[in-house]
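Engineer: In terms of full-length UniProt numbering, the sequence shown opens at residue 1 and continues consecutively.
It is possible that part of the hints are untrue.
Claimed, not checked - Cβ-Cβ distance ranges computed for the label pairs, FRET-style:
hint	residue 1	residue 2	range
1	Asp296	Arg145	19 to 25 Å
2	Glu82	Trp188	22 to 28 Å
3	Ser177	Ala261	48 to 54 Å
Keep in mind the hints are simulated off the structure, nothing from the lab. Every residue, glycine too, gets a C-beta built ideally from N, C-alpha and C.
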Amino acid sequence: MIIRISEHESGIEKYLNEGNKSGRSLHRDELDRRMPIYGDLGVFSAAHRYVKKHKKWKKSYWHITVSPAFAQHDLTRARWQEITLQLLEHFFHLYDRNRLAAYAEIHYPIMQSVTDPVTQTPKQRIPHIHLIISKLDLLSDNQLRILPYKKSVAAAFQKWLGSQYSTNYNLQKEADSALKSVQQYREWHRENNRVDLNRTPYSPQKITPVLADQHGWISNTNLSENSRKHPHYPGFSAEQQRLDALDGFSWWVSDAQCWFAEKPEINRLNADISMAALLEKAERDYGLLTEHYRIDDRKLVDNRTGDRVNAIDFAYLWLNLPMDQAISWVRSAEAPIEEESNDPAARF
1 MIIRISEHES
11 GIEKYLNEGN
21 KSGRSLHRDE
31 LDRRMPIYGD
41 LGVFSAAHRY
51 VKKHKKWKKS
61 YWHITVSPAF
71 AQHDLTRARW
81 QEITLQLLEH
91 FFHLYDRNRL
101 AAYAEIHYPI
111 MQSVTDPVTQ
121 TPKQRIPHIH
131 LIISKLDLLS
141 DNQLRILPYK
151 KSVAAAFQKW
161 LGSQYSTNYN
171 LQKEADSALK
181 SVQQYREWHR
191 ENNRVDLNRT
201 PYSPQKITPV
211 LADQHGWISN
221 TNLSENSRKH
231 PHYPGFSAEQ
241 QRLDALDGFS
251 WWVSDAQCWF
261 AEKPEINRLN
271 ADISMAALLE
281 KAERDYGLLT
291 EHYRIDDRKL
301 VDNRTGDRVN
311 AIDFAYLWLN
321 LPMDQAISWV
331 RSAEAPIEEE
341 SNDPAARF
């Protein structure tokens, strides 16, 4: 598990909303299929604008990316959410999550490889998390106190987090001592950074109007009873802060509906399509590293993991295409491919 954390003044909203990144020709949606898994980008955006207008901080948010080892690349959505919560608990252990304006999404790679700028060789792309957290404490109007960086602790936390999703027994044993050092460092941080709301300047009247003016979705009419009773209620609830993550379910529902509606066509394609032609097309369209795959009894096998899939699951689960696009893409492999070898299976 590789974790990278950086702090920035601006830029992440434009990338997440528009998908364009300086120095890169491909749009994000050509590279990845994205799924929100935590928080609300609107809440983060409102907090970010508030900081830019009312604070004189050099940096306004943190950006954390997480990439697992390839052996863990097929983690479920629930597992990715667990990782996100563990990251927040680690770096912001002094705070309840309701005080954080945070948002996270998974990027599932559609483009399967990228050229390494150093070695100039193709490199496998894997799913990864983008987690952004405003530096604004939503309850106190102060700057959050993130767990300070310490190289040994950062390495220990990475080792421990990776062990939670590994079947390697030796790695899990090593993680026990790693977790102990992480906990000791957190305790030191906690002892020296008491967050006392009763002694902290509290001005929700500054934050709430900004959020309400810029985002009409904040109003007393749609708050839960619990959030209204909260002693440090800043104008919106934890429930609202997680609404955006629910959007991640919409594409799963759409895919499931398509799968049921197109079941006969899916069965036909799985039975008839040339798997060799499919691999060749995936290499050409999405940069698939075909040397890692073989064909066995009308299944594609990943030699690195031993996983086996049929044609549609290959497009949907491994190329991360929406179900309707997966069906269309597999169907297009039925057409003759220009300059195709007389024996395409010989390549694989």
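Engineer: Tell me, in ascending order, the numbers of any earlier hints that this structure violates.
Structural biologist: Of the numbered hints given earlier, the structure breaks just one, which is hint 1.
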